[in-house]
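Participant: Sequence:
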Amino acid sequence: MLQSLKLRFNDLPKTIPKEVLTGRRPVNLLGAEACAYDVAEALVSGGVLPEAIYNHAVKLFGREGAAELIYLTGVYCLVAVTLNGYDVKAPTAHSVTPAETTRPSEYQTLNPVTEKVEKVFPETTDAEVQAALDTAQKVHQNDWRLRPVTERAGLVAQAAFILRQQSEKFAQLMTREMGKLIDQSRYEVVLTADILEYYASHGEKFLEPKLEPEAPGVVLATEPIGVILAIEPWNFPLYQLVRVAAPQVVAGNVVIFKHAPSVPQCALAFAHLFEEVGFPTGVYTNLLCTVDQVHMLIDDFRVRAVTLTGSERAGASVAERAGRNLKKVVLELGGSDPLVVLPDADLEDALNQGVMGRMICMGQACVASKRFIVIGQERGKLFLDGMTRRMGALQAGDPADSKTSLGPLVSERALNDLLDQIEMAKANGDHVVLGGKRMNRPGWYLEPTITTDISPENPFFQQEASGPVASFYVVDTEEEAIQLANATKFGLGGAVFGADVIHA
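If you read the sequence shown in numbering that gives the first Met the number 0, its first letter stands for residue 0, the second for the next number, and so on.
Please note that the accuracy of each hint is not assured.
[To be verified] Taking CB as the label site, the calculated pair distances span:
1. T280 <-> Q165: 19 to 27 Å
2. K425 <-> D343: 32 to 40 Å
3. A486 <-> E117: 34 to 42 Å
Since the hints were made in silico from the structure, they are not lab data.
Every residue gets a Cβ at the ideal spot worked out from N, C-alpha and C, and that includes glycine.
Take these sequences, add in the hints, and give me the full structure.
Facilitator: So, in structure tokens, the structure goes:
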């Protein structure tokens, strides 16, 4: 392929309209040949175009401009005309990919129970990021996408088997690193293995070509797209990884993960699982990236798609950058889920399920129930009393002890953010009927908290409370309940309890 591209470039004009280079004529990739990105990618990966030259061209003209220039002019013309013609010195590998730069400062993760240093890790250097991306792209092009889906699925099944064998090790690691209750950590390991097995068992069927009934003769076929960048949060350290990794690697893609800084041990352990199974280097990559390095990855043409689970702010930043680069993007952001209790609902069941839903992962889950809306004044009082008793009875302690029912938050910052939110809510008319303070013990523990009377105009109403904080409301009609449930900008999830499932 590279040889044919060289011959093709020999027949192309060796000049570039100055209007394009100076920006007076927009460079629009849609107006160029559709294969421009593929041409640029093939030239870089095949060694015809030095990566340093390509990166410098991107810096000068943007990703679209660089790809179009490569397609229109060829490698040597790009160097001679684009760089030298505008009095720009051709860069060296050192100036673009700083392999010899000083290693970034190390950062530390802390045990949320003891508040002591658990382990120290160095951040990934820019050179290591580039090397990892290069490895991932090459293993995808030359190996992984070419393997039969049954072979890819077989390795995923082996990962599930080994994970089950090492389940207690992974569960203890999760609990120690981010404070999840040990029984919840054990369940997460089982869920992670289940997801691996599911895609290993069903991947081949998912990828089968399908006939399109509404278009006779048309067949829908799937093809892997390449390198996927996944940016994941800390609250479910294994689940957040596997729900991306399992389907993508079975489909023939390769994945680069940027996990949350507070769970690097979990991230490294899961990456080691894939190494232990025998996945080729580059199919699953874990990087301890900085924010700037994430931007660099999104901008790089070798990354074909991006997914993020996290905050609104992070999602907006990634969506904007991915959109600028015309990348496929999938986002799952914050939530403020309502739980509505209808007049015919079983109150005990709603209470038990509601408190469990609020307190999963100590309330640090985007789909946790956060706003409790009960229809009927008398039933509302009963529900609030029951929720206050249940949440007030939670026993704080070491999350590694199965008797503990209240663990710490993941970090001191998470604790302080919640305390600030509670104070802001109180300053704007909210009432705290339970908790609301830091617990008087080592570790980042917050008292289980219940607030009432938060109006939609209260700034706290439009924020996500990531922790053991429940907001409570009583209304008189279903219409009021629906209006209150929908009065927030969030739309991630919700729950309705009632005797009639269809009506609910």
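Participant: Could you tell me which of the hints above the structure violates, numbers in ascending order?
Facilitator: none
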